[in-house]
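Asks: Protein sequence lines correspond, in order, to chains A and E.
Per my numbering, numbering of the first sequence is gapless, rising by one per residue and ending at 185.
Per my numbering, numbering of the second sequence is gapless, rising by one per residue and ending at 185.
Hints are computed from structural coordinates only; laboratory data are not their basis.
Please read all numbers here as calculations on a predicted model, not as lab measurements.
Among the clues, some could well be false.
Covered, in the sense of this in silico footprint (three residues per stretch, anywhere, with C-beta under 8 angstroms from a C-beta of chain E), are these stretches of chain A [unchecked claim]: (1) 54-68; (2) 88-101; (3) 158-169.
Glycine included, every Cβ here is placed at the ideal spot set by N, Cα and C.
Residues per chain, in single letters:
Number of protein chains: 2
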Amino acid sequence: MLAAGLAVADEKGLDAVTMGAVATRLNVTPMALYRHVADKADLLDGIVELLLTEFPPPPAGSWADQLAAMAVAIRASAQRHPSVFPLLLQRPATTSRARLARDSVYSALQEAGVDVARIEQAERLVSTAILGFAASEAAGRFRNHSRRQLDADFAALQGLLRRFIESESRIVGNERPAATTPPAP
Amino acid sequence: MLAAGLAVADEKGLDAVTMGAVATRLNVTPMALYRHVADKADLLDGIVELLLTEFPPPPAGSWADQLAAMAVAIRASAQRHPSVFPLLLQRPATTSRARLARDSVYSALQEAGVDVARIEQAERLVSTAILGFAASEAAGRFRNHSRRQLDADFAALQGLLRRFIESESRIVGNERPAATTPPAP
DNA sequence: ACCTGAACACCGTTCAAGT
DNA sequence: ACCTGAACACCGTTCAAGT
């Protein structure tokens, strides 16, 4: 049922996500939906949560590769669900799915050697930058820019974040990770 | 009338911005609004545009001071109008007011000595980062964080952007601006 | 346990009519 | 030029009733 709501949003926009439209897609009357959600706000919450489900776990690899893969996946999710994605800015990472995504970024920063005292803030800044770009693109702020231009912007954003993380890291040059990071297997 | 709509949004949230609510505030019937806006979407567009009006022109000072002042002003505007501000992500800088804000960032980057070939992209990245943070804060994504924490995050974001701009700049050390920037008076 | 019909208050929008 | 009353289609939500 949340999938039906997401489908309506993807195909006809957020305004078309109506109790009636979702119900029709399920061959049911609008009132039947109230068995499964408290009200329309709850339905939208569920749809956003479903979108979060699509964020894949980060692949193995260096912290930079992990972060790059996550950023690309998040942007792709925004492009698939442009009318729902911007709603992510309204929700703190309270659900387990949202926390999982946040913790993935956290782990990558940890592996990068970011100082423990700064890692939470660094996570917020990195996540916000990626989310802000993806939401802007999805919501239409960049609608007058070419896909090629936006791809280049996104690559530049990733580079800027990578340099930020490196500057926040205690590791200089190519030394081994410091003591607080888990020892290599 | 746009001011009445913005006031309703600020006091009771975006969902409360109803043709009826705005009309009531103006001591008029809902239908009277259609003399001034084409439809409700047009009303919301106008309200967003009005919000843009509040961005002050950048003060005199170094490019870093100008940028910092603009970022602070944008964030303050988001805090004043939390339910309208996130709508900014939906609009490209097509109106003259929006272009003025964008050009202010552009000018600061120019003064900073950012390479002409990269200045437009740098403007998008810097603006998107600031907008993304302010919109996240306004929309509620950081609702579980203290004001103090968010102030620190915002300061860190500004620092990160400053370092990014410096790295994009051709100016090394304390030399005078290069040839393409206007000569000092 | 799940769904429906009828009903209610509310919303956006139109149109002809009023001043 | 600006505003209103009446009307229409649509929306979210409730509640008692149905299977």
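Asks: Hints first: check each against the structure and report whether it holds.
Replies: Status of each hint after checking the structure:
1. A count of 0 residues in the stretch 54-68 of chain A with a Cβ less than 8 angstroms from any Cβ of chain E is obtained; the coverage claim is therefore unmet, three being the minimum.
2. Here the stretch 88-101 of chain A counts 6 residues with a CB under 8 angstroms from a CB of chain E, which clears the bar of 3, and the coverage holds.
3. Counting residues of the stretch 158-169 of chain A whose CB lies closer than 8 angstroms to any CB of chain E gives 4, which reaches the minimum of 3, so the coverage claim holds.
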